[in-house]
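For the sequence shown, this note's numbering begins at 1 and goes up steadily by one.
Don't read these hints as lab results, they were simulated from the structure. None of these values were measured; they are calculated from a predicted model. No residue lacks a Cβ here, since even glycine has one placed at the ideal position from N, Cα and C. Mixed in with the good hints there might be a few duds.
To be verified - Here are the simulated PhoX-like pairs of lysine-lysine, each with C-alpha atoms no more than 25 Å apart in a straight line:
#	residue 1	residue 2
1	K164	K88
2	K110	K169
3	K169	K68
As the list claims (entries may be wrong) - FRET-style restraints, in silico, Cβ to Cβ:
#	residue 1	residue 2	range
4	P138	K169	12 to 22 Å
5	P93	E62	17 to 27 Å
6	G136	P93	31 to 41 Å
7	K165	G89	32 to 42 Å
8	E116	P76	31 to 41 Å
9	M162	N113	27 to 37 Å
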Amino acid sequence: MKKGIVIGLLLALSGLMFAQEQVRDSSPELSDYFIRNIEEIPYDKQLVDTVPGFDIAIIPPEHFIFAKEIPGYIHPGTSASMQIKEVKGTSWPVIDRAMTPEHFASQGVKFINREEVELKSGISGVLYTVSFDAKGVPYERIMLFAGDYHNTIWINANYPVMVKKTVIKPIINSLMSADII
1 MKKGIVIGLL
11 LALSGLMFAQ
21 EQVRDSSPEL
31 SDYFIRNIEE
41 IPYDKQLVDT
51 VPGFDIAIIP
61 PEHFIFAKEI
71 PGYIHPGTSA
81 SMQIKEVKGT
91 SWPVIDRAMT
101 PEHFASQGVK
111 FINREEVELK
121 SGISGVLYTV
131 SFDAKGVPYE
141 RIMLFAGDYH
151 NTIWINANYP
161 VMVKKTVIKP
171 IINSLMSADI
181 I
């Protein structure tokens with residue numbers, strides 16, 4: 001009797017194991033988002049991506065995907081993101097004058113660094129680096145303000161400090177590819 005119950009249970013379990021239908025997942029492989037796969041992309045005008053709704057183009061870092069809700073790009077494997085904005089009618093030097101350590105402190109972030117830059121397109125700008133915590137996780141933000149006397153590109157690149165060594169070069173490389181179109 002016990003032998004019959006055991007055999008019956010084994011048959012039932014084996015039937016359940018093979019009865020499951022395989023469902024094909026169409027989402028990208030998770031390995032596409034592992035931080036070890038992020039690499040710098042050399043500047044190539046053919047890789048430039050026009051940001052919908054803005055007169056801005058950029059080469060996003062590899063494996064960052066466009067997110068219209070931000071609008072910008074996100075890297076699901078690291079929580080790094082690049083939020084893109086456009087300020088029409090204002091030059092970046094005007095914005096730069098308002099960006100003081102006191103201003104950053106009033107926004108709840110800590111000023112780390114300021115650096116003037118020239119983008120690969122030849123337009124000038126400034127990079128600010130600030131730090132903050134989000135739900136107990138330390139983050140850094142690099143803010144790019146660049147453009148001409150009439151339009152400013154404003155890009156906020158956020159990343160957890162623990163992945164900084166992996167994402168900083170691809171993010172900076174991407175920021176330097178930004179252009180007004």
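### Message
Please check whether K165 and G89 have a Cβ separation lying inside 32 to 42 Å.
### Response
38 Å, holds
### Query
Is 27 to 37 Å right for how far apart the beta carbons of M162 and N113 are?
Roughly 19 Å apart at Cβ, these two residues miss the hinted range, so it is violated.
### Task
Take a quick look at whether K110 and K169 sit within 25 Å of each other, Cα to Cα.
Holds. K110 to K169 sits at ~21 Å (cutoff 25 Å).
### Query
Between E116 and P76, is the Cβ distance one that fits in 31 to 41 Å?
This hint holds: roughly 32 Å between Cβ atoms.
### Task
Return holds or violated for the Cβ distance of P138 and K169 against the range 12 to 22 Å.
At roughly 19 Å between Cβ atoms, K169 and P138 fall inside 12 to 22 Å, so the hint holds.
### Task
Could you check the hint for me, namely that P93 and E62 are 17 to 27 Å apart, CB to CB?
Hint violated: Cβ distance 32 Å, outside 17 to 27 Å.
### Query
How does the Cβ-Cβ distance of G136 and P93 compare with 31 to 41 Å: does it lie in that range?
Holds, since G136 and P93 (Cβ atoms, about 36 Å apart) stay within the stated range.
### Query
Do the alpha carbons of K169 and K68 lie within 25 Å of each other, as the hint requires?
24 Å, holds
#### Entry: Proposed proximity, K88 with K164 (alpha carbon, max 25 Å)
Answer violated: K164 to K88 is near 31 Å, above 25 Å.
Violation of the numbered hints given earlier is confined to hints 1, 5, 9; the remaining hints are satisfied by the structure.
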